[in-house]
Amino acid sequence: MIRKPLVRSDVASMLFVVVPLSILIMFFLAPIASITTGLLTFDWRLLLTPFYVGLSSVVSPITVTHVGGETLIAIRGFDMGVITNSVLNALIVTLATTAIGTSVAILVGLFDFPGRRLFAALAMIPLLVAPFVNAYVVKLLYGFNLQGNTVSAVLEALGLHVKIGVAGLAGVALTQILSFYTIVYVNVLATLRAVDATLIEQAVNLGSRGFKLVRSVVLPLIAPGVFTGATLAYMLSLEDVGGPIVFSFRKVISYQVYLFFRQYALIGGGGSAAALSLLMLLLAVIPMIFLRRYLSLRYYAMLTRGAPRPLRRIKLGWLGKVVAYLVVLPILVAAAAPEIGIFVLALCHRWVGPFPTGFTLNNYAVLFSEPGVFRGIENSLIYVAIAATAIAFLGFSAGYAIARVRSVVTPALDALSITPLAVPGLVMAFGYFVFLHGIARGTPLDPLISPAVVLVIAYIVRKMPFTVRSVFAGLLQIPSSVEEAAQCLGARRLRIVKNIVLPLAWRSLAAGLLLSAVYILSEVSLSVTIGALGGDITSPNHCGPITFVMMSLIQSPSTIGGAQPQAVAAAMGTILMLLEALILFAALAKLGRRGIVSIAM
Amino acid sequence: MTRIVVDNVTKRFGRVTALRRVSLDVREGELFAILGPSGCGKTTLLRVIAGFEVPEEGRVMFDDEDVTFKRPDERGAVMVFQNWALWPHMTVYDNVAYGLKVRRLPKNEIDRRVKMVLELVGLKGLENRYPHQLSGGQQQRVALARALVVEPRVLLLDEPLTNLDARLRLRLRGEIRKIQRELGITTIYVTHDQEEALALADRVAVMWNGKVVEMGTPDEIYHRPKHLFTAFFIGKTSVAEAKVIDADGNYVLLRIGDVVIRALNHGVSVDDGSAVVVFKAENARLKPMWRDCAKLVGRVLVTMYLGASLEIRLVPHGYNRDLSFYIPIEEEIPRPGEEVEIYLPVSSVHAYPVEGLELVKEILGE
Ligand SMILES: Nc1ncnc2c1ncn2[C@@H]1O[C@H](COP(=O)(O)OP(=O)(O)OP(=O)(O)O)[C@@H](O)[C@H]1O
Ligand SMILES: [Mg+2]
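Protein sequences, first through last, are from chains S and Y.
Position one of the first sequence corresponds to residue 1 (this note's numbering), numbered consecutively onward.
Position one of the second sequence corresponds to residue 1 (this note's numbering), numbered consecutively onward.
Treat the hints with caution; some may be incorrect.
[Claimed, not checked] With the Cβ distance kept under 7 Å, some of the chain Y side facing chain S (calculated, not the full set):
(1) A50
(2) F52
(3) P72
(4) V78
(5) M79
(6) F81
(7) A85
(8) H89
(9) G99
(10) V102
(11) V150
(12) E151
[As the list claims (entries may be wrong)] Here are the simulated DSS-like pairs of lysine-lysine, each with C-alpha atoms no more than 30 Å apart in a straight line:
(13) K236/Y to K287/Y
(14) K498/S to K124/Y
(15) K101/Y to K498/S
Derived from the structure by calculation, the hints contain no laboratory data.
All C-beta atoms in this analysis are idealised placements derived from N, C-alpha and C, irrespective of residue type, glycine included.
Generate the whole structure from the sequences, applying the supplied hints.
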């Protein structure tokens with residue numbers, strides 16, 4: 001039983017609640033709420049025009065052309081208007097990632113077969129994200145173009161004269177599926193590990209085998225992990241801008257909101273952005289509301305159960321092996337290929353056709369020699385340092401308050417501190433713009449005056465939940481009597497926190513901060529919107545972080561410092577990925593099973 | 001020295017009422033035990049006195065000072081927790097010195113007092129160990145030293161010996177008694193171990209179901225329990241239903257099956273018809289050894305050897321259930337089926353109004 005000590009009208013204790021709560025109200029609730037103000041003059045009928053909601057696709061899903069002795073096959077998916085595209089694409093991506101992620105997790109978590117570790121390792125690779133570059137390499141490998149992609153070149157070598165590839169929304173969907181299925185995988189695997197092994201072993205004893213075992217026993221047990229993973233994949237798909245930008249597919253909600261910052265923020269206009277932001281928020285929050293009970297229960301169960309007995313894996317039958325090696329393995333390889341391709345791109349002179357050419361280290365040199373590029377690295381480091389410092393204070397306060405300070409507003413803080421994870425970054429970006437450009441026009445809080453300040457605040461609010469949850473989970477392991485013992489000896493709250501709580505909980509704080517930091521470094525939505533308000537990378541004083549620079553490089557048509565801009569972006573991406581790998585695996589080792597969960601959130 | 005008065009305190013947690021109009025009066029320098037089964041509200045009461053919980057109703061007074069709404073750090077009541085709550089990142093010395101550092105005492109004064117108290121609890125020489133390098137008994141002593149070193153107005157001990165083995169428990173409770181006498185700190189000692197409470201305390205409060213049902217010296221609690229729960233809870237007891245034959249202010253004449261016995265009267269009147277009898281069954285003998293005796297005749301159902309004593313399950317003549325009695329082992333051992341006479345001093349037989357039967361059934365979970 002967790003016994004919360006009562007804290008009455010104790011000013012210091014209330015500070016732990018009130019400070020993070022006011023920050024969240026001011027810089028999370030208020031900006032989101034202020035989006036609605038833009039709607040008063042908005043004509044809603046606009047959203048029902050074919051540009052937003054179409055009844056049939058304006059592109060054919062697959063086009064096949066014969067040119068000379070060659071067959072060109074372009075897979076384009078569909079285009080049924082901005083809103084329909086976003087929703088259908090998100091649903092397709094959710095279904096696909098859930099199917100793949102769940103299957104792989106069950107295969108790796110429940111069964112034993114030669115090569116299992118390789119499968120597990122391959123499935124973890126897409127956890128490392130290099131925004132934009134990832135989509136760019138997907139396009140090189142699988143995208144449709146007339147020079148042919150890598151896959152077509154391989155087919156050519158096998159004697160098949162066919163150029164096949166994805167384009168448009170199909171390209172976006174493929175990119176998302178290949179990288180987001182890991183989120184489902186990680187969540188399902190975590191749930192599977194938390195399942196009491198005896199439940200499954202009992203079923204095996206009773207003669208349940210293979211598919212029947214999975215369907216009747218395993219799936220119901222891991223359902224919470226499946227739902228959580230699916231919800232997260234859905235949200236990520238909804239707010240992804242990397243895929244649409246790289247595949248030049250503008251007719252999704254995320255791209256339209258992004259466009260607001262590129263086209264209208266400075267000159268005014270773009271009235272539909274508010275409506276689209278709100279719609280996006282609604283679309284993101286709906287599944288969260290439906291699954292709320294499921295999600296929070298799962299969360300609770302993960303934290304309270306002690307280390308469960310590890311499952312003794314079941315030998316995979318021959319049919320299972322056939323499926324594993326001939327179906328699952330190719331998918332895993334196909335999904336890991338872009339990540340590996342990023343490292344190749346980073347080290348090559350040029351890669352636009354099917355294969356890269358020329359080894360070089362110049363791409364890394366350009367990171368430092370080009371002022372606009374290096375500026376992005378500097379910016380990111382400064383932003384992370386400031387944001388992490390603020391998160392250390394605010395996130396610790398909130399985590400501590402939720403675990404220990406009983407007050408009427410603590411439940412509000414508890415709920416508010418986790419919600420930023422459920423709100424798409426683009427919605428937040430738009431909310432910040434409307435709110436701060438509205439009430440703080442002309443001050444340093446105006447995103448048009450100092451985008452850097454606003455960006456850092458947004459980072460703090462959006463990435464704080466990782467630290468809050470980590471601190472909270474850490475404090476659950478510490479009996480509150482340890483603090484009460486100090487209190488009855490005469491120590492006041494702040495002193496107790498300094499002398500007793502911090503020395504015992506700093507590991508959780510540090511692990512949470514590392515997570516917050518790495519997610520700030522790889523953050524996209526705020527970075528390419530608010531971060532873009534300070535000019536583009538040709539200006540050495542721009543205030544965009546590295547993800548903004550990566551996007552700019554990916555879109556750039558001309559060489560930079562004698563290098564292919566995309567390759568420079570890849571070089572940047574590799575550094576980011578290595579950082580992510582380091583931090584994620586450090587956090588994973590420190591937090592154990594809990595780490596996986598918070599990473600996957 | 002501080003007197004503690006708890007006045008009509010009620011504490012609820014949501015729908016659970018943990019304390020119901022609890023009142024206590026703990027005298028200056030007294031070692032006061034709170035005794036009761038698990039979940040009866042002992043810890044909650046202690047936490048109300050320490051200031052970790054604020055009661056919905058009632059007051060807590062330290063001498064003439066109303067401390068009901070004071071924070072724990074303002075009260076000068078120091079609690080020793082059931083899990084001891086030692087700080088794992090501090091040495092024994094730092095654990096003990098903490099309360100003094102909070103009070104900003106000069107360093108040499110801190111040093112002197114820590115040394116003194118560590119000597120008092122027998123931990124000299126272990127100053128630089130960390131808690132995980134200590135045995136359970138030593139950890140318990142650190143917890144005690146950490147509380148004593150600040151010379152608290154009030155010392156609150158929540159089952160301080162529960163996590164220790166039986167032998168160590170016996171030794172430490174003697175030491176706690178001795179130290180408490182020496183320092184004269186008003187102390188409340190919570191336990192569910194009746195022997196511990198009776199051995200240690202000047203006075204005992206018996207709690208049940210969020211209420212203090214009785215308060216008195218160990219002798220009163222054991223030999224002259226006023227409340228059925230106390231009679232039933234303290235010692236090894238057996239309970240029977242009986243018909244009332246006659247009653248006066250002091251005694252009741254009862255029939256259990258066909259057996260007639262005399263018992264101390266706790267509010268039974270002739271008109272009641274029936275009553276509940278509680279036997280302090282560990283005082284039973286096979287021969288009359290007292291002038292004022294109650295005698296039960298019946299058949300032995302089964303006997304069980306318990307080391308120092310023998311448990312006899314006796315079915316009194318004409319009664320439909322068996323009752324347990326415990327006799328010293330040196331007596332000859334009756335066989336199952338044999339007819340025996342069991343004697344108890346009348347002071348070990350207590351009769352209560354029959355309404356109490358419900359209570360007993362509830363306690364036994366029937
Ligand atoms: N913080 C709390 N929230 C809800 N219920 C509580 C809380 N603290 C205590 N209770 C309830 O109040 C009742 C009394 O609990 P308390 O811990 O005081 O009992 P106790 O006599 O100390 O038991 P034990 O001997 O097991 O320690 C129990 O029913 C318990 O479940
Ligand atoms: Mg207790």
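Going down the list of hints, with the structure as the test:
1. Checking A50/Y against chain S by beta carbon gives a least distance of about 6 Å; that is within 7 Å, so the hint holds.
2. Proximity of F52/Y to chain S holds as hinted, the smallest CB-CB distance being about 5 Å (cut-off 7 Å).
3. A least Cβ separation of about 5 Å between P72/Y and chain S falls short of the 7 Å threshold, and the interface hint therefore holds.
4. Using the Cβ-Cβ criterion of 7 Å, the hint placing V78/Y at the interface with chain S is satisfied: the shortest such distance is roughly 5 Å.
5. With its C-beta approaching chain S no nearer than about 5 Å, M79/Y sits inside the 7 Å limit, and its interface hint holds.
6. For the restraint placing F81/Y at the interface with chain S, the shortest Cβ-Cβ distance is roughly 4 Å, inside the 7 Å limit, so the hint holds.
7. The restraint placing A85/Y at the interface with chain S holds, with a minimum CB-CB distance near 4 Å, inside the 7 Å limit.
8. Because the smallest distance between the Cβ of H89/Y and any Cβ of chain S comes to about 5 Å, under 7 Å, the interface hint for this residue holds.
9. Hint on G99/Y holds. Least Cβ distance to chain S is approximately 4 Å, under the 7 Å limit.
10. Given hint, V102/Y at the interface with chain S, holds; its Cβ is 5 Å from that chain's nearest Cβ, closer than 7 Å.
11. The interface hint given for V150/Y is met, as the beta carbon of that residue sits about 6 Å from the closest beta carbon of chain S, less than 7 Å.
12. Interface hint status for E151/Y: violated, as the beta-carbon distance to the closest one in chain S is roughly 11 Å, over 7 Å.
13. Note on K236/Y and K287/Y: the hinted pairing holds, with a Cα-Cα distance of about 20 Å set against a maximum of 30 Å.
14. For the given pair, K498/S sits about 28 Å from K124/Y by alpha-carbon distance, which is consistent with the 30 Å threshold.
15. With a C-alpha separation of about 14 Å, the suggested pairing of K101/Y with K498/S holds against the 30 Å cut-off.
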